[in-house]
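*Asks:* As they're listed, the protein sequences go chains H and Z.
Okay, so the first sequence: first residue is 1 according to the working numbering, each after it adds one.
Okay, so the second sequence: first residue is 1 according to the working numbering, each after it adds one.
These are computed hints drawn from the structure, not numbers from a lab.
A hint or two may mislead.
Result set (SDA-like, lysine to any residue): computed pairs, CA atoms no more than 20 Å apart in a straight line [said to hold, decoys possible]:
| # | chain 1 | residue 1 | chain 2 | residue 2 |
| --- | --- | --- | --- | --- |
| 1 | Z | 57 | H | 1 |
| 2 | Z | 57 | H | 3 |
| 3 | Z | 53 | Z | 65 |
| 4 | H | 101 | Z | 50 |
| 5 | H | 101 | Z | 28 |
| 6 | H | 101 | Z | 52 |
| 7 | H | 101 | Z | 62 |
| 8 | H | 55 | Z | 101 |
| 9 | H | 55 | H | 95 |
| 10 | Z | 57 | H | 99 |
| 11 | H | 101 | Z | 75 |
| 12 | H | 78 | H | 20 |
| 13 | H | 73 | H | 6 |
| 14 | Z | 53 | Z | 27 |
| 15 | Z | 3 | H | 44 |
| 16 | Z | 55 | H | 100 |
| 17 | H | 101 | H | 24 |
| 18 | H | 101 | Z | 41 |
| 19 | H | 101 | Z | 73 |
| 20 | Z | 57 | H | 96 |
| 21 | Z | 3 | Z | 73 |
| 22 | H | 101 | Z | 38 |
| 23 | H | 70 | H | 25 |
| 24 | Z | 71 | Z | 30 |
| 25 | H | 101 | Z | 61 |
| 26 | Z | 53 | H | 100 |
| 27 | Z | 71 | H | 100 |
| 28 | Z | 3 | H | 42 |
| 29 | H | 101 | Z | 68 |
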Amino acid sequence: AQTVTQSQPEMSVQEAETVTLSCTYDTSESDYYLFWYKQPPSRQMILVIRQEAYKQQNATENRFSVNFQKAAKSFSLKISDSQLGDAAMYFCAYRSHNTDKLIFGTGTRLQVFP
Amino acid sequence: DVKVTQSSRYLVKRTGEKVFLECVQDMDHENMFWYRQDPGLGLRLIYFSYDVKMKEKGDIPEGYSVSREKKERFSLILESASTNQTSMYLCASNFRGAVSYEQYFGPGTRLTVT
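Looking at chain Z on its own, in the form it has when it is part of the complex:
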């Protein structure tokens, strides 16, 4: 079974803190994604990585950065957390290309910034 894990289910941080959200997948997927999920807005793509050290901005990259030093790990970084970044963050992964295009999701991290 494909497994996508995220470092924390719940996280509470203070405004201005640097926050790291980690995602690990065990299926040798090339692609990894970070989404933000908010009620009434669905899932919005923050960043996408299609290979080690490669990244592409999604629809809402402002205030976020990412790191992919190893194929199995994709980190989302909030350089200076703000209250409007309180949200559910979902990581996903899949193989590149049309052969297997289902995205596999992690359990999510609910981040609260106070």
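If we strip away everything but chain H, and leave its shape as in the complex, we get:
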């Protein structure tokens, strides 16, 4: 069975600085999808970024980018120029190619200090 591990329960960053959140996963599959979701305090969970395993190029969405290392089964999220609004719980998630179900990690709480 696939598993997703987020080893950093909490992280903090100064406004305008860069922070990297870690995620590793375990799978025997070669075709899958990876996601980072953001859950702001008392607000709905939203998708931040996604990566298809067959794509070698790392996904980027504005200030958010990933470092996808398929061989190492690592999928970290880099937030550049951090803003106060980036403070949230961040969840890494895995989806096999042949199912619609997601497997989530335990989450990382990010604090952003002014």
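Chain H is already provided as a structure; the job is to place chain Z on it using the hints.
*Replies:* For chain Z alone, coordinates are given in the frame of chain H:
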């Protein structure tokens, strides 16, 4: 904009009560999901429905049942609530298959069982 709504943000019930959590989506999504979110455990899938009247057990279905009589509505039922079911419950939905695989989440229901 996709909208996923949940019937209550906060709910307090007594042990042994039958509890209904309702979720409604307005995007004609085939898939609907119920998750439970607990600190340190991330999101765990309780049940998944891929069509009207169709359901599939997730990772922690014990103590829960679901109902999907209409495409837009997915209900989670706690037949006899227990204190260990105190948690945040999140509903999500998306289109089936690889075309659009982002899950859209509701705001969550924080259930307390006393």
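*Asks:* Evaluate each hint against the coordinates.
*Replies:* These are the hints, each one checked on the structure:
For the proposed pair residue 57/Z and residue 1/H, the alpha carbon gap of about 15 Å is at most 20 Å, so the pair holds. For the hint pairing residue 57/Z with residue 3/H, the CA-to-CA distance comes to about 18 Å; that is within 20 Å, so the pair holds. Distance restraint check for residue 53/Z and residue 65/Z: the Cα-Cα separation of roughly 12 Å lies within the 20 Å cut-off, and the hinted pair is therefore satisfied. This hinted pair checks out: residue 101/H and residue 50/Z have alpha carbons roughly 10 Å apart, not beyond 20 Å.
The hinted pair formed by residue 101/H and residue 28/Z meets the criterion: a straight-line CA distance of about 18 Å does not exceed 20 Å. Proposed proximity of residue 101/H and residue 52/Z is supported: the alpha carbons are some 17 Å apart, at most 20 Å. With a C-alpha separation of about 18 Å, the suggested pairing of residue 101/H with residue 62/Z holds against the 20 Å cut-off. Pair hint residue 55/H plus residue 101/Z holds up; C-alpha atoms about 16 Å apart against a cutoff of 20 Å.
At most 20 Å may separate the alpha-carbon atoms for a hinted pair to count; residue 55/H and residue 95/H meet this at roughly 15 Å. For a cut-off of 20 Å, the pair hint linking residue 57/Z to residue 99/H stands: about 13 Å separates their Cα positions. For the hint pairing residue 101/H with residue 75/Z, the CA-to-CA distance comes to about 18 Å; that is within 20 Å, so the pair holds. Under the criterion of a C-alpha separation no larger than 20 Å, the hint pairing residue 78/H with residue 20/H is consistent with the structure, at around 4 Å.
Straight-line distance between C-alpha atoms of residue 73/H and residue 6/H comes to about 12 Å, which keeps the hinted pair within the 20 Å bound. Between the alpha carbons of residue 53/Z and residue 27/Z the distance comes to roughly 18 Å, so the proposed pair stays at or under 20 Å and holds. Of the supplied pair hints, the one linking residue 3/Z and residue 44/H holds, its CA atoms being roughly 11 Å apart against a limit of 20 Å. Between residue 55/Z and residue 100/H the CA atoms are separated by roughly 13 Å; this keeps the pair inside 20 Å, and the hint holds.
Using a Cα cut-off of 20 Å, the hinted pair residue 101/H and residue 24/H holds, with the two alpha carbons roughly 18 Å apart. Distance restraint check for residue 101/H and residue 41/Z: the Cα-Cα separation of roughly 17 Å lies within the 20 Å cut-off, and the hinted pair is therefore satisfied. At roughly 18 Å between alpha-carbon atoms, residue 101/H and residue 73/Z fall within 20 Å of each other, so this suggested pair holds. Taking the CA atoms of residue 57/Z and residue 96/H, the gap is about 17 Å. The hint holds against a cut of 20 Å.
Distance hint between residue 3/Z and residue 73/Z is fulfilled; the C-alpha atoms sit about 12 Å from each other, no more than 20 Å. The straight-line distance between the Cα atoms of residue 101/H and residue 38/Z is roughly 19 Å, inside the 20 Å bound, and the hint therefore holds. For the hint linking residue 70/H to residue 25/H, the alpha-carbon distance of about 10 Å falls within 20 Å, and the restraint holds. A distance of roughly 7 Å separates the Cα atoms of residue 71/Z and residue 30/Z; the hinted pair therefore holds under the 20 Å criterion.
The straight-line distance between the Cα atoms of residue 101/H and residue 61/Z is roughly 15 Å, inside the 20 Å bound, and the hint therefore holds. For the hint linking residue 53/Z to residue 100/H, the alpha-carbon distance of about 17 Å falls within 20 Å, and the restraint holds. Only pairs whose Cα atoms come within 20 Å are accepted, and residue 71/Z paired with residue 100/H is accepted, the gap being roughly 17 Å. With a CA separation close to 16 Å, the supplied pair residue 3/Z and residue 42/H stays within the 20 Å bound.
About 17 Å separates the Cα atoms of residue 101/H and residue 68/Z, which keeps this hinted pair within 20 Å; it holds.
When the structure is compared with the earlier hints, no violation turns up for any of them.
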